[in-house]
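**Q** Mind assembling these two chains? They're in different frames, but the hints should get you there.
Chains as they are written, first to last, in the numbering used here: chain A, 48 to 292; chain B, 280 to 574.
Certain hints may be false.
Facing chain B, from chain A, some residues (calculated, C-beta under 8 Å) [to be verified]:
{"hint": "1", "residue": "120"}
{"hint": "2", "residue": "122"}
{"hint": "3", "residue": "126"}
{"hint": "4", "residue": "130"}
{"hint": "5", "residue": "132"}
{"hint": "6", "residue": "145"}
{"hint": "7", "residue": "172"}
{"hint": "8", "residue": "175"}
Simulated crosslink set (BS3-like; lysine-lysine; CA at most 27 Å straight-line) [said to hold, decoys possible]:
{"hint": "9", "chain 1": "B", "residue 1": "461", "chain 2": "A", "residue 2": "62"}
{"hint": "10", "chain 1": "A", "residue 1": "282", "chain 2": "A", "residue 2": "216"}
{"hint": "11", "chain 1": "B", "residue 1": "413", "chain 2": "B", "residue 2": "544"}
{"hint": "12", "chain 1": "A", "residue 1": "216", "chain 2": "A", "residue 2": "227"}
{"hint": "13", "chain 1": "A", "residue 1": "216", "chain 2": "B", "residue 2": "461"}
{"hint": "14", "chain 1": "B", "residue 1": "321", "chain 2": "B", "residue 2": "461"}
Quick caveat, the hints were computed from the structure, so don't treat them as lab data. Backbone N, C-alpha and C fix where the C-beta goes; we use that ideal spot for every residue, glycine too.
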Amino acid sequence: MLELAQVDKTFATRKGASHAAVADIDLSVGAHEIVGLVGTSGCGKSTLLRIVSGLEAPSGGAVTIDGRRIAGPTPEIAMVFQEPRLMPWLSVTENVRLALLDLPRAEQQRRIEEVLGLVGLVGFSEALPQQLSGGMAQRVAIARALARRPRILLLDEPFSALDSFTRMKLQDHLLALWEKANFTMVFVTHDLEEAVILADRIVVLRGQPGRVREVFPVGLPRPRRRAAAEVQALKEEITLSLDLS
Amino acid sequence: MALVETQRRRSAGREEAAALAASVPTSPPAPTGLLDVIGRFKGLFLPVLLVILWEAACRAEIFAEHLVPSPLAVLAELQYLWDRGELLTHVWVTLARVAAGFFWGTLAATVLGAATGVSRPLRELLDPTLQALKAVPSLAWVPLFILWFGIFETSKVTLIAVGVFFPIYLNLMSAIQDSDRKLVEVARIYRLSTWQLLRCVLVPATLPAYVVGLRAGLALGWMFVIAAELMGASEGLGFLMIDGQMTGHPAIIVGSLILFAILGKASDALLAFATRPLLAWQDSFAKMEGGRANA
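In isolation and in its complexed conformation, chain B is listed as follows (with noise of 0.2 Å):
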């Protein structure tokens, strides 16, 4: 029931970007009706629309068949793929990059960003470095990686992690350091051990910021694979864009950004779906809201 009522709340078309920034999940009304069980699933509608639209475009033969491929086109190509078992080896060796990527970064930036939010010398002599590196475009670092990585996973992982690491780190560290004087000097007074005003007072105070920061390194992650499947891999979704290039098949690109929409939108909503527990407190706040009690 949790699992499908974040799926509707994510597929309910309210904006990522303000679902990322707010992080704070809203619960519609429990359906009662057929118009509300319609309403369950208005998010697809424009999706559906535009499959609609751009078969009919193709049936009538507005764009050229060799440019742009109908929904059916695709779907066959995929099809085509999925029973040679090509399909689900690309988009298994994808999935493990962004996995692997996701996993060191978050390690890293998780680390980092607790040890700089915490400490203001580390902060001082590890910031300026980090921010620095931060500053270096994504793709400049392909090259060295190579180099120093190989051609094979350990570059491609490290570049996604590199791309993990920063909205995390940021987020972590400034939420700790944002995190609110005036309630750590409560614990003070009530004499709170580090370990309690870690796991009472720190945590929970950053733990909003820092699922931000995970979601926004997630979507980095799949932005970042794309980058280094590109450069160079013989598996992958990434690969099967290229191939589709290569080989005059535009039908095996669109397949593949439609597998990664599906992919990265999935991949969010598990991750929301898994830290909602985390934010339980907002959650309540959210649904008691309109009812404030009174003195």
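Okay, chain A solo, but in the shape it has when bound (with noise of 0.2 Å):
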């Protein structure tokens, strides 16, 4: 469903040269599939993940959903960052109504409602971003971005600021509500655990420019098990393809 065909991605630096992110990326993620890219630092997995959300254009290479071309944002694809990102000034209700400002009034009111049900956070609809703790700021972004109804959801480390408590309840809730609804995640994340538990295929990046360097499926059943024996062999073979050394 969502193609990546010979991405690159070149930036210009401030002092004439250029800085190259990603180069040949080819990726085909299916529909309803999860897919996490992993990488050490550096290695371009924001970036690539923002050229799919429409934010950068490639330098190279294209970006395809059902053979259409990506060319800027679309309501198909919503993204959630590592930073709530919610509106300071505005109130929970408002903040989410943001992304469907687009729809008709009822419609809105209906879709609001609907997403803060699934985030748990109706009774917080009226409440200021500062009155709420990160994990649940972080829910209040990832319902705004469902309020879309996007066919692909993007994660750009999306729990990474949380404590670790909030992080596994918080990939827990995302995997029911992936469950429930019928779209496609790619997420980037540094937390091979994470990884291990979302993902149905793990992408490892590597060098300067990131190239795909490694695909892992995750053949295992969910729920899964962060102890149990497969995750932790799996999370040993990415680390060495990683090559921290």
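**A** If you want it as structure tokens, here you go:
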């Protein structure tokens, strides 16, 4: 469904030089699949996600959904960032509404109630972002993304700023949401356990510019136990592939 | 009620500079007893004490009477001017000049600050010139403005507008430039129109700094109105001061000083009150700060 063909991204630096972030990325993501991107810092994972989101244009190659080329943000794709990125002056409801401004008012209201219910924040609909904990704020960001009913949900290290208990809770929560709805997920993470628990496939990027080094299918049935031997073994294998030495 | 609360907050001895810098109003708990009522007015304590000491010093003839008038003498002088109908005219003329200068200065600063904040080419084109003009000491404009606009209102209002312009311009421009790129990206992901981007993201993001700029601009407006009136006027509080100096009436000078203090403070309080609804989200944040929710 989502295809990346020979995607390159080169940034011009201030001094007129150029910096290649990613190169020759070929990746095909199926409907309702979950793909995790891992790699050491600076290998272009986030850049790749931003290209898919339409925030950045690729320097070469193409990103397509069902054969249609992506040129800029589209309603079919939603993105959750590392930070919740909520407008501090808008209530939770109004922050979710931002994703729905092109819909009729009644439909906006219906969807806001629906997604706040999904992430368990109905009681906080009138709260301001500053009144929320980090985990709650990130749930609002996920709600905002899902309110769009995207076909593809992109997540850029969505839980990395949270404490480990909240992180585990939200990982399970995200999987539950994914099982209920029919969207595809592509996420970036530094947390190999998160990658193994969530993903159907894990793509390891390496180098500068970042290239696909290896792809690991995760054949484990869900729900996956974090302490399971298979999970730990796969983490080990990916660590070797990352070649951290 | 809200007005009373604003005035109380403004007079509660909270330092002006801190209030300007933070511009986050804090609401003390509602008064419950006599002590709280006294506490509300503690900002008045120091001025009242000073006035009493001043009056006592004058009665003890510590200062020469023709140099330092007693508070009662100042009051009597103001009363005299009031009765003759002069005082209201002078206050009114000065207020009108500040208002006109503030209006035009704000208008120009808002248009140019928004333009240079949003557009990089415009910023590169205009900002260096404006920054250079900012470096010109304000009084240096006086001869030119008199030559261009004459000795009447236009030159005075222009001078005040110049003073008002810079803090508002700078605050607005840098606030727009600094507005969070990350929030703008959210607007792009959800494909907000330019109008929606302005309404939902850029304007709310820049309002706090803009309001700080407005208040700093107003303070400068008061500074410049004196300069304008000292350089030649036949009406206004600045003229009244010169008149007091020429005629050897220190009571008039001190009375004008006090009126300036009162008018400046009152206009700032009014501006703070008027802009408060714009910053309501910060306000409710301050109220709620103690009670953050947990996941």
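**Q** With reference to the structure, classify each hint as holding or not holding.
**A** Going down the list of hints, with the structure as the test:
1. 120: It holds, given that the least Cβ distance between residue 120/A and chain B is near 5 Å, below 8 Å.
2. 122: holds (7 Å)
3. 126: Because about 5 Å separates residue 126/A from the closest Cβ in chain B, which is inside the 8 Å limit, the hint holds.
4. 130: holds (7 Å)
5. 132: Holds - the Cβ of residue 132/A comes within 8 Å of chain B, reaching about 5 Å at its closest.
6. 145: OK, holds: residue 145/A within 8 Å of chain B, min 5 Å.
7. 172: Violated. Min distance 13 Å.
8. 175: holds (6 Å)
9. 461/B <-> 62/A: holds (24 Å)
10. 282/A <-> 216/A: holds (20 Å)
11. 413/B <-> 544/B: Status holds; Cα separation ~25 Å.
12. 216/A <-> 227/A: holds (17 Å)
13. 216/A <-> 461/B: Distance of about 26 Å is within 27 Å: holds.
14. 321/B <-> 461/B: violated (43 Å)
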